[in-house]
Amino acid sequence: MNLELVRYFIENHATLLAPPVAGTVVNIELLFAMSQTLSRKESCQDPESSSKHETEQWNTFWSDLMDMIALSPGCVSFVTQDAPGNRGAIIDHIDVQTLQIMYDCAVPGSYTGAKGSKSSKLNYPANASLSDRLLTVLDSSAAETPNQQILSQLQRVLAVKPASHTLGQERAQKFTPHSSFIHICSNRNHSSVLSSIANVSNNKIVAIDCNKLQNADQDCPGLLKCAQSKIHFIPNLKPQTDTGLGDCSYLDTCHKLNSCRYVHYLQYVPESLVQLTSLRTRETNESCDSNKRICLYTRGLCCSVGSTPTLPAQWIQCDVRRFDFNVLGKFSVVVADPAWNIRMNLPYGTCNDSELTDLPLNLLQQEGIIFLWVTGRAIEVGKESLQRWGYQVCNEISWIKTNQLGRTIVTGRTGHWLNHSKEHLLVGLKGTPEWLNRQSDIDLIVSASRETSRKPDELYGMIERLVGPHARKLEIFGRDHNTRSGWFTIGNQLNGDSVYEPDVKRKYNTYLQRQKKTHRAPYPTLA
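Adding 52 to a residue's 1-based position in the sequence shown gives its number in this note's numbering.
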């Protein structure tokens, strides 16, 4: 094998394939011969023997080229596969890596880094001890074995995010509708001044005197601008209020608002600011809607995602414990918010653990993702239930609850040993759903708590970014406020039925007829 020819192809592959050479073997042979002549400093031959020498030189070059291809098939490919042994052959591809491996087999360390593995000079401090020098060598890359170097390169390659990750994040950013958001003022002095000029009646701020506000702005610079651009929580001081006791733990959720001695607050936000924020949000969402029509990246979604409307909200009032899940079909995502028994007086019925774990949720998905709300006591029960239904627990989302002032809740009405300031959402995976749009959100939801048992609406946005707007989505144990377009909701606290999918409607009507024949009420309530 002519190693000089192999090395020449490795070092000059780009030049040989680009114009004006363009892969023609005749030109490559001439360039290679010139490089050999210059490197060996050979003198030019006389004209009489030049023709014979050129023929011999061509035959030798072609023979060496064929030997190289025979030793490593595919390292060089021609435009035509018949590869005639004439001067009209044209090369269209040179596999540099294959040639490097072949050259390295003959001359070890040429291209695989063995030469480079020789430790370069390390700069040591003038007063460095022998032990310090030894530790420096051990910490440097020179101490790595070839396998460690390959492993490091592999880890660097795997750490690079694919293009789908970047495109998915951009799509989520451009497609996600926005909600109105107004910043909260954190200056206590502003709240104190506003409380002195606000007119309060029946625990509501009736009005704020603009003249007094302008005068107060002179004593407290920036107050007027802040009052027009941020939310302020004004102390609602009553005759029984003792400011020395501090803020009420329950704030606006306090059941004894008219007799509580702790400090409560009223929210003040100008109506003009609300309207302006709503207008800006509406304009932003209109831009998001127009972006959806530009389907430049539809991985995991249908190709007509921008033009296909989502189905209206669907729901069925039923007792989930006795309902036939075969009626519903298969779903991409399932959300379940069971009424776990937490041994407290609640305004709704609860189920014991066995009733919930016996639900045949394994019928709802062949592959997909499930979200299961659990209480602190029921975390392990929830994990066991997911495994029983055929899911692998892959993650857990925490809902950090905030109070009226936008702060984390430090006291509440739940928790035996410690107050509960968060709720847990288990995430289970069934099968290998490659269509999921991963890493578009984090595993935390920071949102204000509302009425009992109501979960944050931010979860719906997270799920739709994960599975897409047109995937079939089911919520179990839902209530009227849970129904929304693109979702199917079932639960005993819903009002009536609303089904649009023909197949589900047919199966549901058959199920109702079956129920009538067995004289069983179709909508029994939870105990």
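Treat the hints with care, as some may be off.
[Claimed, not checked] Computed spacing ranges between beta-carbons, pair by pair:
1. P72 - E106: 17 to 23 Å
2. S183 - H217: 42 to 48 Å
3. D271 - L297: 37 to 43 Å
4. C262 - K382: 55 to 61 Å
5. T484 - S311: 55 to 61 Å
6. T484 - L289: 47 to 53 Å
[Said to hold, decoys possible] With a cut-off of at most 25 Å between alpha-carbon atoms, the simulated BS3-like pairs for lysine-lysine come out as follows:
7. K382 - K559
8. K453 - K474
9. K290 - K277
10. K256 - K308
11. K559 - K569
12. K308 - K382
13. K308 - K226
14. K256 - K282
15. K282 - K453
16. K568 - K557
17. K482 - K453
18. K290 - K264
Worth flagging that the hints you see were computed from the coordinates, not collected in a lab. We put the beta carbon where it would ideally sit given N, CA and C, even for glycine.
Numbers of unmet hints, in rising order: Violated: hints 3, 6, 9, 12, 13 and 17.
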